[in-house]
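Protein chains: 2
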Amino acid sequence: MKIAILGGTGDIGEGLALRLAADTPHRVAVGSREAEKAENKAEEYTTELESRGLDATVAGGENAAVAADARIVVLAVPPYHVGDTVEAVAESLEDGDVLVSPATGMKRDDEGFHYHKPGAGSVTEIVADAAPEGVAVVGAFHNLAAARLANLDADLGVDTLVIGDDADAKRTVADVAEGIEGLRALDAGGIANAPEIEGLTPLLINVASNNDDLHNLGVRFQ
Amino acid sequence: MKIAILGGTGDIGEGLALRLAADTPHRVAVGSREAEKAENKAEEYTTELESRGLDATVAGGENAAVAADARIVVLAVPPYHVGDTVEAVAESLEDGDVLVSPATGMKRDDEGFHYHKPGAGSVTEIVADAAPEGVAVVGAFHNLAAARLANLDADLGVDTLVIGDDADAKRTVADVAEGIEGLRALDAGGIANAPEIEGLTPLLINVASNNDDLHNLGVRFQ
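Chains F and B, in that order, are what the protein sequence lines are.
Heads up, the first sequence is in my numbering, so the first residue is 1 and it goes up one at a time.
Heads up, the second sequence is in my numbering, so the first residue is 1001 and it goes up one at a time.
The hints are simulated quantities; they were obtained by calculation from the structure and are not laboratory data.
Any given hint might turn out to be false.
[Said to hold, decoys possible] Here chain B is said to cover these stretches of chain F; the calculated rule only asks that three of the stretch's residues, wherever they fall, bring their Cβ under 8 Å from a Cβ of chain B:
| id | region |
| --- | --- |
| 1 | 103-113 |
| 2 | 150-161 |
| 3 | 179-193 |
| 4 | 198-204 |
| 5 | 209-219 |
Computed from a prediction, not measured in an experiment: that's the story for all the values here.
Cβ atoms here follow ideal geometry from the backbone N, Cα and C, with glycine treated the same way.
Whenever a hint applies, use it, and build me the whole structure from the sequences.
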């Protein structure tokens, strides 16, 4: 299966691309609005994988180009670009493709980070509103620290929560997520449950910033 | 140190009373609007502790009475009773006492539970607004499953997040929390960071209700 990571040149995109390429049999491509930027990053990721003796490559290209033959398209872009990005790749998506939303809206004050709930209800809901008919939307990979994900020496041992209104698509994404070593995918219900998941990301940052010995936190439900 | 648990006849109050009495050297009293109800529950808790061979008792009485000589007063009441309860015990509180807020507002739809953010910003903020001068407010114990807490055979192995704008009060509550076996207290900053913590409680319920093998969930930051 081919997985396209749009915004795959950013922090969380890098981590997902490296882990998916390193740990799963899926073909991984990173996308950007600029093809060259994505190609350069893809080369960088492939070099990183090869340096570890892994027989894995990451492809790169313009967002719509990498989305074109992908079954799963991850929107690893800032929340305010999510709508635009879906629009930009809409014609590349086919019936049965799955859009994955890992983004969350945050704002910061003196005390820390806070969930900035979009008017639509959640970032995942923005994606659902923008998705072409026949393309399912699943929320996943929200609460993962980008730096830890991108460091292939770091153990994960954390959970990712998967939400969606299409059970098959949710199962597909959960299976992909569990292909990443040390990542457990848990079902958190439908897209209506997205705000509490997206709101967990700023909380993880606040906990890390208030405890000297905790960095790049993830969460384990137990 | 004496700890009063107002609403200590409810689920989360029961769990906190039993664990604090069983695991810490503090004197624990549960309060209710009706003295007799609290006295009966306290007797029940003490019997439970004795049946386990523990040399620990729980006292009981009317909310204002048990708050009177307590250093720490836990508001284990529903969010819509938090303001009233602080008002009802305000004259029993002294400079240096600490009010602890574990409550969260939730509403339910077809998909699951959702954080019902109060107009004040958070339940903890409601408590802070209602607290008499000189009495510090700390948020803690939000994300603990009541049934697991009340079952002294159950291992915890989870975290509780502690927030507050008074560093000493926060430290005091964190120390009390860590007296409970298997509970780790993590600093999550100031009261402004409460909404994301209170919003984690409905998420824990949603995760448990969507995964057959997970019940009475807590969370571990790692």
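Hints violated by the structure (numbers, ascending): none
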